[in-house]
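Throw the hints in and build the complete structure from the sequences for me.
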Amino acid sequence: YIFHGNDGTSMPWNDTAQLDYLNPVTREAVYQQIKHVASNFPIIRFDAAMTLAKKHIQRLWYPKPGHGGDIAGRAQYGLDDATFNDRIPKEFWREVVDRLNEELPDTLLLAEAFWMMESYFVRTLGMHRVYNSAFMNMLKNQENQKYRETIKNTLVFDPEILKRFVNFMNNPDEETAITQFGDGDKYFGVCTLLATMPGLPMFGHGQIEGYREKYGMEYRRAYWDEKPNQYLIDQHARRIFPLLEKRYLFSGVDYFQLFDLYHDGMVQQSAFCYVNGTEHERVLVLYNNQYEAVDGWIKNTVPKLKKVKDDKFTETSNLAESLNLTVGGRRYVLTDCFSDGLTYMRPSLKIFDEGFYLNLQGFETKVYLNIREVEDSDGVYSTLYERVGDQGIANFDQEILALRLKPIYKAMEHFLSPGFYKQIRLMRTGNANSKTERKLILLLAEAYTYLSATIENLHPEAKKSLPSIPREIQPVAMLEEVQRMSSIFKKEDSRLLRQGGSILDEMDAVIAASLFLKPFLDDDATISEAMVASDKLLLFRFFSEQLSEAGFENDLARKACHSAAILASSANMIEDSIEDPKQILSILLSDPKLRAYAQVNEYQGVTWYNKEAMQEIIFLSALSLAIKKGMTNVQSYVKVLMEAEMQALYKLDRLLG
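Heads up: the sequence shown begins at 12 in the working numbering, then just goes up one per residue.
Check the hints yourself; a few may be wrong.
[Claimed, not checked] As a list, the in silico BS3-like pairs of lysine-lysine whose alpha-carbon atoms are at most 25 Å apart:
id, residue 1, residue 2
1, 151, 174
2, 315, 163
3, 163, 151
[Stated by the list, open to error] Computed beta-carbon distance windows for the label pairs:
id, residue 1, residue 2, range
4, 186, 373, 18 to 24 Å
5, 304, 93, 54 to 60 Å
6, 613, 249, 25 to 31 Å
7, 475, 337, 18 to 24 Å
8, 314, 559, 54 to 60 Å
9, 314, 398, 35 to 41 Å
10, 665, 52, 54 to 60 Å
11, 256, 590, 50 to 56 Å
12, 560, 475, 29 to 35 Å
13, 245, 660, 33 to 39 Å
14, 234, 256, 32 to 38 Å
Derived from the structure by calculation, the hints contain no laboratory data.
As the structure is a computational prediction, the values presented were derived from the model and not from experiment.
Just so you know, even glycine gets a beta-carbon here, dropped at the ideal spot from N, CA and C.
Okay, here's the thing in structure tokens:
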């Protein structure tokens with residue numbers, strides 16, 4: 012008789028012949044075959060490895076006398092314990108691991124082991140990695156308490172075991188992941204656990220594409236005509252792949268801590284809440300593996316074994332300690348929520364005293380990354396927290412910066428007055444007179460004076476946020492530039508410039524923003540430096556109402572303020588001796604941020620640009636040169652470049668050639 016391989020749970024595997032592992036010659040032959048494979052491949056997976064553990068060899072093939080065994084026909088081959096152990100004194104897998112570690116130490120040994128033997132394989136048998144079938148089965152069946160107890164027991168016994176588990180949602184012997192978990196929030200919630208739990212995440216064939224046909228080595232080809240599910244692929248790219256890129260935060264156990272979620276004194280078993288990370292970076296993962304919503308507090312960790320030299324003991328800590336927070340009355344903890352893209356803030360002391368309150372809808376996932384603490388030295392964090400509380404903030408750094416810039420905005424509030432815009436509009440339309448110029452200069456002088464006084468009393472943290480410490484604007488120079496601007500638009504041949512409004516509908520705000528920028532720019536500031544200053548000063552927020560009235564919001568408002576930066580700095584990059592329009596434009600376009608503004612790009616060996624953006628650059632640079640350098644041939648400059656642009660067909664070489 013030749014027995015087929017059999018695990019005693021179903022029909023024998025008719026493509027195998029069972030070997031006698033009580034025979035030392037057999038054991039050696041199998042080891043040599045394993046060694047041969049290991050010499051050719053860095054990873055070996057042992058299929059159904061648990062069937063070769065001693066207790067299962069005995070159960071299946073050499074049952075104790077009086078025990079019929081699980082394989083028909085094997086009762087007559089029963090052996091007592093002493094005889095059995097004499098024939099196979101050591102665990103076969105222990106010998107394999109020890110010998111390969113010595114002879115081929117770079118080989119990763121991966122065991123498929125079920126029947127709750129996962130821990131035994133890594134703890135006692137020394138296997139490098141072992142399949143963790145409990146992950147798939149218990150989470151699929153929502154046996155949440157059982158799986159959380161599995162994690163808890165492992166943490167108490169030896170946390171190192173967790174990082175040697177291979178977690179998976181399907182394999183060739185199981186139904187496909189989409190069949191077991193669906194393609195909705197439950198799938199992506201469990202997949203988030205897969206990506207963020209200690210150990211090794213394993214994705215099955217076709218899992219990301221959403222294939223439903225079960226596969227295996229016995230199939231030569233797919234029988235179902237399935238197409239990749241693009242929605243599922245895109246969701247993986249958005250919700251899972253970025254987490255996999257941060258596996259360095261999740262794969263270890265040194266900083267892994269599990270929490271119970273309490274609601275009215277009861278543990279919410281469906282909630283998986285844990286912290287992990289490195290010495291300097293921590294993350295918080297939350298997932299609710301049931302349809303019903305849960306809420307409550309997490310504060311203290313579950314017990315975890317700790318080793319200090321030869322001593323072993325279990326200990327617990329609180330959430331604040333797990334996140335590496337510092338006790339301090341003026342410290343705030345900031346977290347970026349990967350799931351919704353918002354930033355949240357809480358006082359560090361509140362985390363120490365109360366823990367963390369959370370609410371999770373059915374199968375909802377939240378992952379908090381980039382957890383860091385800040386010291387509220389100038390009070391802006393407390394001001395912001397009083398305003399938003401525990402709500403998420405879309406652009407946290409911008410909100411803090413806006414609070415620090417508040418005194419600057421107060422000093423420059425004349426720039427938002429209707430009178431200020433009235434003078435600019437009169438000037439731009441060619442209707443200004445000496446009275447208009449005097450009013451504008453008076454408003455500018457008053458704003459710049461207030462600005463200087465404000466800077467002196469500004470908090471050091473606020474000063475750090477400025478692009479530079481504003482320089483003092485000389486009244487004579489300011490008068491000359493305003494008069495030049497006024498005279499440019501008054502000229503009979505300035506029709507082309509006055510029509511700039513058709514190219515830049517927000518021109519009044521652009522001129523105002525350029526005047527706002529002026530004190531913050533050196534005389535030789537480049538366009539890139541001016542654009543950076545515009546962003547640091549959040550000009551698009553300061554002029555938001557005026558830009559919104561012109562139809563410019565969000566990114567378009569920021570772009571309009573970059574137009575102001577071009578107006579404020581273009582002339583700085585051009586020497587007085589250079590007069591050729593194309594040479595001037597070529598020098599300006601050497602600035603990387605201006606090239607980005609013009610959407611300069613290369614395709615199939617040709618360098619292209621955006622027509623509307625290039626026309627704006629021509630107009631703004633002409634105005635900048637005329638205001639700062641008094642360029643008299645400004646109309647000729649615009650005419651030459653506009654005509655060249657019309658003939659260039661969006662090709663940069665033709666425009667500048």
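These are the hints, each one checked on the structure:
| no. | hint | result |
| --- | --- | --- |
| 1 | 151 to 174 | holds (21 Å) |
| 2 | 315 to 163 | holds (8 Å) |
| 3 | 163 to 151 | holds (19 Å) |
| 4 | 186 to 373: 18 to 24 Å | holds (23 Å) |
| 5 | 304 to 93: 54 to 60 Å | holds (58 Å) |
| 6 | 613 to 249: 25 to 31 Å | holds (29 Å) |
| 7 | 475 to 337: 18 to 24 Å | holds (22 Å) |
| 8 | 314 to 559: 54 to 60 Å | holds (56 Å) |
| 9 | 314 to 398: 35 to 41 Å | holds (40 Å) |
| 10 | 665 to 52: 54 to 60 Å | holds (57 Å) |
| 11 | 256 to 590: 50 to 56 Å | holds (52 Å) |
| 12 | 560 to 475: 29 to 35 Å | holds (33 Å) |
| 13 | 245 to 660: 33 to 39 Å | holds (36 Å) |
| 14 | 234 to 256: 32 to 38 Å | holds (35 Å) |
In terms of the numbered hints stated before, the structure departs from none.
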